[in-house]
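So the chains spell out like this:
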Amino acid sequence: MATSTKTILSGNEAVARGAWEAGTTFGSGYPGTPSSEILPALTQLEGCYTEWSVNEKCALEAAAGASLAGARTLVTMKHVGLNVAADPFFTLSYVGVNGGLVIVSADDPAMHSSQNEQDSRNYARAAKVPMLEPSDSQEAKEFTRIAMQLSEQFDTPVLLRTMTRIAHSEGIVELGDRVEVRRECGPVRDPQKYVMIPAYARKRRALMRERTARLVEFAEQTDLNRAEPGSGDIGLITSSVAYEYAREAAPQACILKLGLTWPLPPEKIRQFAATVHKLYVIEELDPYLKEQVLALGVQVEDLPESLQIGELSPERVAAGLRGEDISPPTGDLAPRPPVLCPGCPHRGVFMTLKKLKAFVTGDIGCYTLGTLPPLSALDTCLCMGAGIGEAHGIDMACGESHKQVAVIGDSTFMHSGITGLVNIAYNGGSSVVVILDNGTTAMTGGQDHPGTGFTLSGRPGKQVDIPGLCRAAGIPNVTVVDPRDLDRLQATLQEAMDSDQAWVIIAQCGCVLKTREHNEPRVINEDLCIQCGLCLKIGCPAITTRTDVGTDKPQPVIDAGLCVGCGLCAQVCPKEAIGVADE
Amino acid sequence: MPTNILLSGVGGQGIITASKVLAEAALISGFHVKKSEVHGMSQRGGSVESHVRFSADGRVHSPLIPVGQTDILLAFELLEALRSIPTTAPEALVLVDDRRIVPMSVTSGPFEYPAAPLDQLAASGRRVHVVSSLTVANDLGEPRAANIVMLGAASRFLPIEPQAWTEAIRRAVRPKAVELNLRAFQEGIDTLRVE
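So the sequence lines, in the order shown, correspond to chains C and S. Throughout, our numbering is defined as the position within the first sequence, counted from one, plus 118. Throughout, our numbering is defined as the position within the second sequence, counted from one, plus 8.
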């Protein structure tokens, strides 16, 4: 190709490119914002087996096997996904690798789409796994490539830590060629390395200590860590996107930019500190770097503690260096949070649960939006699969039903709902579990999973028989309903909630973003409408109001461009004023 | 000093595609470029903001535009235009589509949609021009090209050559849609008569 090798890539695309250039042949993960685009991008580049695994633990375990067999492997997840993969992660640090193994964890400072803003960097230190933090798309590519090499060089998994402003920012990347790694692919028999019984694990622990010492030597001389000169007497130690904010906020400062952030280079840090009068550490979330720098006996100035919460920005860093923090402008404009789409099958479920006064335990997915007004029908969301567990806990602690109903999406059910369901059956619980089966992993962009019948590569895959699985787990009652048939849904839910046995209701209806369905839009007959507002309470974005028609209360009106004709509003209208046009 | 452009509006309006075309056109023109946005809200009707920064001299550092340094605001909806005003520089240029998309917090909640958003925008002291990009796109028979119409209008104020825009649009849209999008871009240029 004679064209330029420079292109604009997102951080995620760049990670995929870097893994591909490094000769990766195995990629696994589970969708999670802001990491979801990496595996599809790697799939596009070809030459690599890729899969959406059932969850992040499965993904990392599969990758451990692939690495053992000699393949270079990439595993992708968001920060809370690393919690799920933590069990294999910690012990892989002992086992090490054969083919390189790079684990990408994408953090979400400010929780744009997560339930917490935990700092994944703590995992590297706890597990004694080296970690790289790129600052932009070009580094996202380069560091992934380097991580694969370091993994094999030091016999260790490597953590590549990104976050929203790396993953979903785009910048110029210089493309390179793919290295073809010629190696025999087959499992290696070496129980002392791969079987972590105490006798063997203790020996590996001693090797980890030596490895860490060699990594520290490497950290001291690698140009992953570089000092940038400045004028003035302020020095900043920084990494990740915070480096870019620091560069912009304090153009004159001397900067020690760390690309390898576990282990740290003690001598390099001490030398840098000696060249400046005042040293600050600029980092998002936890004082992870700061505490380690302080532990070296190096003096670090304090920044306002509130900077540890949420995202940084150039202006927040500038304020911090002045000893202040900036609160985000609150403003009194009407907020515009995300909402369930017109036609979303979850809407009918939440309407009905609210009508039946259920206490609804839930978890992560589009259905989490059911907690927002006007639906206001979701009472808990803790982590993947937690709704089922929490319903069971309420049940068994109270000894009588409190109308607790768990809702869970189909992908989340595969991820970590099955175990909770078995728990209910095994321990004699009587909770109702509603599986919201819309045939996709919707919130993260419509990825496939074991219930959809297709895999990441688009090929057909085995489809789990959800009702059969629930029965096999020992749940006595399993019913499939259409969540748009409100009468039948309510009758089924009522029966289940009144029963003293466990019950699974599978609310089966495709996600409208996937089916792209378009039925006849509904229309409100304003002659029949009494402006009772019940249709507005279902929270459909296709129903808005007009105040120009001379009625006391606002006149609801349906936007034909947004309406997909699901018919839910027509079912709640007490005056049968909603129908298809020309009726 | 980079040129800072903020695109703001509602999920589904093609804002991320528009910012992609803009960034690509800047790259083709030889600028150093970065852009940033939060994904996922686009399909769920939430607010969408895309930051695009490009520079002739040296690297762009922060992918986020520092607050108060947005030079050009391209707003695809009135409420979102008002929401983004505080991030703009005092002398910023604002191109706004006079569209109202009422959020759930107004329809089923206690909030109100601003009564006179264009007046409020004018009162901000920024240089405001209305670009009815959806109306223009509807006249062309393709409402989804409203984002490209807005880019055309914006191009009058940007140091990017026509060929760069054309190539960027070609790279961003399906081959069958290129012709229509190039026309939409031209309509955007023509529709804004600078007083």
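FYI, nobody ran anything at the bench for these hints, they're computed from the structure. In this text the structure is predicted, and so the values were computed from the model without any measurement. Hints may contain errors.
DSSO-like mimics (lysine-lysine), calculated; alpha carbons at most 27 Å apart, straight line [as the list claims (entries may be wrong)]:
1. 28/S / 632/C
2. 580/C / 521/C
3. 655/C / 28/S
4. 184/S / 580/C
5. 311/C / 472/C
6. 632/C / 655/C
7. 473/C / 521/C
8. 472/C / 693/C
9. 246/C / 386/C
Simulated restraints, written as ranges between beta carbons of each label pair [as the list claims (entries may be wrong)]:
10. 609/C / 108/S: 24 to 30 Å
11. 198/S / 475/C: 46 to 52 Å
12. 340/C / 65/S: 25 to 31 Å
We put the beta carbon where it would ideally sit given N, CA and C, even for glycine.
Comparing the hints with the structure gives:
no.	hint	verdict
1	28/S / 632/C	24 Å, holds
2	580/C / 521/C	35 Å, violated
3	655/C / 28/S	37 Å, violated
4	184/S / 580/C	36 Å, violated
5	311/C / 472/C	55 Å, violated
6	632/C / 655/C	25 Å, holds
7	473/C / 521/C	12 Å, holds
8	472/C / 693/C	21 Å, holds
9	246/C / 386/C	20 Å, holds
10	609/C / 108/S: 24 to 30 Å	40 Å, violated
11	198/S / 475/C: 46 to 52 Å	59 Å, violated
12	340/C / 65/S: 25 to 31 Å	30 Å, holds
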